[in-house]
Structure formats: C-alpha cells, structure tokens
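Trainee: Protein sequence lines correspond, in order, to chains F and U.
If you count by the numbering used here, then the first sequence holds residues 86 to 411, one letter each, in order.
If you count by the numbering used here, then the second sequence holds residues 86 to 411, one letter each, in order.
Any given hint might turn out to be false.
If chains are identical, the list can't say which one is meant, so a pair holds when it fits in one copy or spans any two.
[Claimed, not checked] Here are the simulated DSSO-like pairs of lysine-lysine, each with C-alpha atoms no more than 27 Å apart in a straight line:
id	residue 1	residue 2
1	Lys384	Lys257
2	Lys147	Lys267
3	Lys408	Lys178
4	Lys178	Lys139
5	Lys384	Lys162
6	Lys317	Lys147
7	Lys317	Lys129
8	Lys139	Lys306
9	Lys257	Lys306
Since the hints were derived computationally from the structure, they do not count as laboratory data.
There are 2 protein chains.
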Amino acid sequence: MGVVASAPAKIILFGEHFVVYGEPAIVTAINKRAHVTAELRTDKRIYINSPNLKASGYFSQKNRFQAEQGGQEARIKLEPIRIAVQQILNLYKEENGVNVNVQSKIPVAAGLGSSAAVAAATATAVSRLLGIEISREDVFRIAYEAERFVHGTPSGIDPTISTYGGVLLFHKDRGPTPINVKEDIPLVVGDTGIERSTGEIVSGVRQRRERYPSIVNPIIKAGGKVALHAAKALEAGDLTTLGELMNINHAMLSAIGVSNEFLDRLVYSARKAGALGAKLTGAGGGGCMVALSPPDKLKQVVNAIEREGGTAFVARKTNEGVKIEG
Amino acid sequence: MGVVASAPAKIILFGEHFVVYGEPAIVTAINKRAHVTAELRTDKRIYINSPNLKASGYFSQKNRFQAEQGGQEARIKLEPIRIAVQQILNLYKEENGVNVNVQSKIPVAAGLGSSAAVAAATATAVSRLLGIEISREDVFRIAYEAERFVHGTPSGIDPTISTYGGVLLFHKDRGPTPINVKEDIPLVVGDTGIERSTGEIVSGVRQRRERYPSIVNPIIKAGGKVALHAAKALEAGDLTTLGELMNINHAMLSAIGVSNEFLDRLVYSARKAGALGAKLTGAGGGGCMVALSPPDKLKQVVNAIEREGGTAFVARKTNEGVKIEG
Numbered sequence: 086m087g088v089v090a091s092a093p094a095k096i097i098l099f100g101e102h103f104v105v106y107g108e109p110a111i112v113t114a115i116n117k118r119a120h121v122t123a124e125l126r127t128d129k130r131i132y133i134n135s136p137n138l139k140a141s142g143y144f145s146q147k148n149r150f151q152a153e154q155g156g157q158e159a160r161i162k163l164e165p166i167r168i169a170v171q172q173i174l175n176l177y178k179e180e181n182g183v184n185v186n187v188q189s190k191i192p193v194a195a196g197l198g199s200s201a202a203v204a205a206a207t208a209t210a211v212s213r214l215l216g217i218e219i220s221r222e223d224v225f226r227i228a229y230e231a232e233r234f235v236h237g238t239p240s241g242i243d244p245t246i247s248t249y250g251g252v253l254l255f256h257k258d259r260g261p262t263p264i265n266v267k268e269d270i271p272l273v274v275g276d277t278g279i280e281r282s283t284g285e286i287v288s289g290v291r292q293r294r295e296r297y298p299s300i301v302n303p304i305i306k307a308g309g310k311v312a313l314h315a316a317k318a319l320e321a322g323d324l325t326t327l328g329e330l331m332n333i334n335h336a337m338l339s340a341i342g343v344s345n346e347f348l349d350r351l352v353y354s355a356r357k358a359g360a361l362g363a364k365l366t367g368a369g370g371g372g373c374m375v376a377l378s379p380p381d382k383l384k385q386v387v388n389a390i391e392r393e394g395g396t397a398f399v400a401r402k403t404n405e406g407v408k409i410e411g
Numbered sequence: 086m087g088v089v090a091s092a093p094a095k096i097i098l099f100g101e102h103f104v105v106y107g108e109p110a111i112v113t114a115i116n117k118r119a120h121v122t123a124e125l126r127t128d129k130r131i132y133i134n135s136p137n138l139k140a141s142g143y144f145s146q147k148n149r150f151q152a153e154q155g156g157q158e159a160r161i162k163l164e165p166i167r168i169a170v171q172q173i174l175n176l177y178k179e180e181n182g183v184n185v186n187v188q189s190k191i192p193v194a195a196g197l198g199s200s201a202a203v204a205a206a207t208a209t210a211v212s213r214l215l216g217i218e219i220s221r222e223d224v225f226r227i228a229y230e231a232e233r234f235v236h237g238t239p240s241g242i243d244p245t246i247s248t249y250g251g252v253l254l255f256h257k258d259r260g261p262t263p264i265n266v267k268e269d270i271p272l273v274v275g276d277t278g279i280e281r282s283t284g285e286i287v288s289g290v291r292q293r294r295e296r297y298p299s300i301v302n303p304i305i306k307a308g309g310k311v312a313l314h315a316a317k318a319l320e321a322g323d324l325t326t327l328g329e330l331m332n333i334n335h336a337m338l339s340a341i342g343v344s345n346e347f348l349d350r351l352v353y354s355a356r357k358a359g360a361l362g363a364k365l366t367g368a369g370g371g372g373c374m375v376a377l378s379p380p381d382k383l384k385q386v387v388n389a390i391e392r393e394g395g396t397a398f399v400a401r402k403t404n405e406g407v408k409i410e411g
C-alpha cells in the first residue's frame, strides 16, 4: 500500500536574480502540485518513475542505475529524487527498497520549482511510508540537498516554498519571512516552452555586473526596494500597485539582460488583455512569465498569452506546503 | 535675395529623462537638417511658411496673426519661429519685415529636435539677412527661448546641439562638454509615427519617482553611469560596448515607464537584423528609436524596422552645427 504526498510549485513574484546579491525576493506557492506515491519494495532497490521527465529506472544499493525509460540520461534526471529517498533512508538508517511514482503537473525547467516540489513530496512520502514523523525543517534540508544536484548553489527559495507554502519574503542570509496576504492573488502563468540553463543566465548577470558595477549594483539594490514595496502592497491587498511594481521589476530584469523577445511579447499580450502588471518569473531567457489579473479578466489574459504562442494557466497562491494526501 | 541657413537634428544616444534629474546625457547632431530661407519684405510683417508643419501665415507688428495655411492652429505651430525672428529684430532694434521659408526633413514631434533646429537656422538666416554677425551663444540663447514656448522648461539639449553640432556630454547644470568621437557612428533611426506630449511623459516619470523614490532614484543615478561609460566607449570607438549600453539604457527607460510595445518591437527588430544595440530616443511613449548598426548591416536594420511598421532612415553624426548655406 502506497503513501501519497504532495508539494506546491512556486512563482517568484519579485526579486529573482537580485536575491543572489542579498536583496529580498517574494515568492508564492501556487495551486499546482507535484504528487509522489511511495511504496515498499521486497528488494532493496529504489525504483523511480517520473513520467513528466520521461524517465524511470532502478537504483541498486550500490547506486548502479538500470534505466527502464529514458536511457542513461534518465539517471541524471532522476538523481535528485534518488538523493531525497536516500537521505530519508540514511536519516533513519533504513535499508528498505522503495518505489517512487511521480505525478506532477508542474512544467519542468520553467522556473516553477518542479524539482524542489518533487523532492519535498518524495521525502515526505517515503518517511511516512517508513512510519516516521519527519519535521518540516528536515524536509526542507533534504529538498535543498536534492536541489544542489540540479542547481549547484541554489538560493534555497524553491525547497523553502515547496515545504512551507504561503507567500514568503525571502532573504539569502536571513531566510524566509511569511507575508500575511489576506486577499486572493489571481495570477496567470505563461510558459514560453523554452528550456534554459539557470546557471548560464545567472553567470551572464554576474558578468554584466563585473563589467558595469556602477550601473548594475544600483539596479540590484533598487530591485530589493521593489520587493519591499511589493510586500507592503501584498499585505494591503493593493493589486494596482503590485501590478505596477511587476512592470517595473520586469524592465529591471531586462536591464540586467535576462528577458528576451518572446517573454516580452507574452508580457505585453497579458497587459493588453487587462492584466494589472506582468513580468518574467524565474531565471528568464525562456521559462515563464506571470501576470497579475483582475479576477474577471483571467480568461482573457490566458487567451491572449496562448494567442501569442505561450502555454498559459491560472494559478492561485496556496498556503499548503508539503503534505500527506488522503 | 534670400539667405539660407541650416541646423542639424539630434539624437539622444544616452540619458534622456535622467538628464532632467541632473545626470549626464549624450546627444549627437545628425546629418538631417532644417533649412531656413530668410528674405526681406517691403512691409513690416513677418511671414512664415513651414510646409512640414502644414502651416503658413503673417504676423503683424502688433503680433496679430493671419493664417494662410493651417487656420488658427498654425499660429501655435509657427510661434517658436516667430519668437526666433522677433528676438533677432529686438536684439538689433530692427523693424524690417521678413519672409521665413522652412524646408526641413526632420520628423516633427519625434524627439529629433526639429523645432530647435528650425529656430537656430531661423535666427542665423535672419541675422545674416540683416547684415549682422551673430555669435553662436546668441543663436543658442534665441533657440532656447523659442524652445521654451514649445516645452515649458526645456533641458537645453536641443538648442545646444542644433547650434554647435558634434557629440556632446550634456549636463543640466554644467552644460555641454564635447566628446571626441573619431569613428563613424552608424545609426538607424526608426520612427513610430506616434506623436506624443513630452510634457506629459516627463510628468509621468516625475509621478513614478515621487511614488517610488527608493526605486526610481537609483535607476536615475545608474542612468548617469551608463552615459559616462558610453562617453568612454565613444572616445575609444568601442561600438560593441556602446550597443550593449544602449540595450541597458532602453530597459532602464522601460523601468521608469516611458517605453511601449511599438517601440520595443522596433528595438527587437533592429537587434535581430544585426544592430549592436537599440533603444528608444527622446521622450518615449511614441516618437523614435535608434539602433547602432555595423556599417554592413544598415540596410537590413532599416528594412527590419520598416517591416515592423516604423519609418526608418540611416543617420550619421555630424560636426556641423548651425551654418549659413552656399
């Protein structure tokens, strides 16, 4: 009998990239979740099946990999999930084998925190399967370790939000502070469908900053102020100000070189369809944009983004972090 | 017998808007000129004919206006030219009547300094017609007075560049400093054809700054640094860096809210056609954009902008300020 856990995707509302340099960012968990089913095996292998990654296969106790789907590339794709499982096993000195089945509707490599959500859900499902109560702090830590395999030195935003849910003001050194958001935040996410390497984009920003410190550093600092203004607007339920700040934030991300024409077209199409503001979200260079829409314009904004060639869906903030299902 | 004088249009390469708040801007005179022919009249009226404004008519000594073309609106359009003529007459206590014929190829209300070029050429032609040597300082001052009628409190960039030509680092308080540019700067100007009110756009920026000082002030300051970097790149003939700085500057102008979709589309089309960088120029909200193009890509950049719905022309810097023709 399996145990199912789920964890939410995230949208960075403000401050991506600037957060790398110590400025605050705002991130919200959204109602698009990764579900993970964990089952005991009779042998000691770890079997992972992730249809959204088009990858499945077996890891032996000695960490040999045998692909079922996706060939040897599957190993790389499944490795963060294996890391999450293995850490749970290590933590409790268990030697069980487990099956892990991922059902995720979160677009992959799109800046929505898919891999962290899967890792958090995996750690939670597997620990419950083994009859262990795991703390949220441990889930976070394990998802963070899994993220390190994907991103090298991740900011920690993705595992934090997947674990805790809600809306957070995130600070690299000080960590997360919950923002008290009473109102609904009706969002539309538009996916360019272009996968990009976060690492390369982050390193491009670093190069621009090294080349023009007197230009880029003040923009980064001002990016932090955008996030602080936005936190107040979120608490006040002031969607008009939030939208304006999203537009400003988008242009500042363009200034550090991470937007592109497709993202800008989706952003404009959303604004023209009635969005209060729109910006790229995540690393940029592809991936997703997000629009803040009046509730009665959500459909128009979705349609406008799709007419422009993106894939769009409505997303709402959720306070539910990682959890056991059913 | 008439006297012909001409003065150049300008392109702001860097720092529009930021210059209002005391940051440096870079402006270049371009090889698109306003020509003005001045002739003596036998009566004391001032007749002005400006086909590019679709306006002509007579100003009496008592400043009554009689339209020939363009109705009573023509009065407003022709007033800056009348001011230029009248100041010359006042300066030398002349009571002659004059005919002023404008032939200008500079797009109007597009941020290219058309009115200042016409005013500078008018002052120069009329004073020569009256047999007077006028200093460049006086031409500047008169063109500035004419500009005040158009813009209220102009920065002084337009009359400066129309008078002196060349490439200038312009500072609101310190005035202009010539930049020593040895290389050609191959530019393509793309006109959206959308006329906009500079005053309204400037006031929109002021409002955004008042609302978000901690965001907008650092962007303004960083805008000044972009111009200083660009001045060095211009002196070094480093077109690649110039292009990159133009792209950054464009995004910073978006952040203060003065770009729009049409301008962005022209900017992207120019970059895709091989431009090293592109940005809006002038007030924004319409008007023109400018692209820096490798010499062998000028035609492609022009075509790309026109395919996107703009009107494009190649522009090169000129060192020739206002001058008597022939």
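Trainee: From the Cα coordinates, with 27 Å as the cut-off, is the pair Lys408 and Lys178 best called within, between, both, or neither?
Mentor: Classified as within; 23 Å inside a copy, 89 Å across copies.
Trainee: Up to 27 Å between alpha-carbons, please classify Lys317 paired with Lys147: within, between, both or neither.
Mentor: neither (51 Å within a copy, 59 Å between copies)
Trainee: Within a copy, between copies, both or neither: where do Lys147 and Lys267 come within 27 Å Cα-Cα?
Mentor: Result: close neither inside a copy nor across copies, 49 Å intra and 67 Å inter.
Trainee: One pair to classify: Lys178 and Lys139, alpha carbons no more than 27 Å apart. Within, between, both, or neither?
Mentor: neither (31 Å within a copy, 88 Å between copies)
Trainee: Go through the copies and call it for Lys384 and Lys257: within, between, both or neither, with a Cα cutoff of 27 Å.
Mentor: neither (36 Å within a copy, 48 Å between copies)
Trainee: With identical chains treated as interchangeable, where does the CA-CA distance between Lys257 and Lys306 reach 27 Å or less: within a copy, between copies, both, or neither?
Mentor: both (14 Å within a copy, 26 Å between copies)
Trainee: At most 27 Å between C-alpha atoms: does Lys317 with Lys129 qualify within a copy, between copies, both, or neither?
Mentor: neither (51 Å within a copy, 66 Å between copies)
Trainee: Please work out whether the CA atoms of Lys139 and Lys306 approach to 27 Å or closer within one copy, between two copies, in both situations, or in neither?
Mentor: neither (41 Å within a copy, 49 Å between copies)
Trainee: Given identical chains, is Lys384 near Lys162, meaning Cα to Cα at most 27 Å, within a copy, between copies, both, or neither?
Mentor: Neither, since 34 Å and 46 Å both go past 27 Å.
Violated hints for the displayed structure, listed by number in ascending order: 1, 2, 4, 5, 6, 7 and 8.
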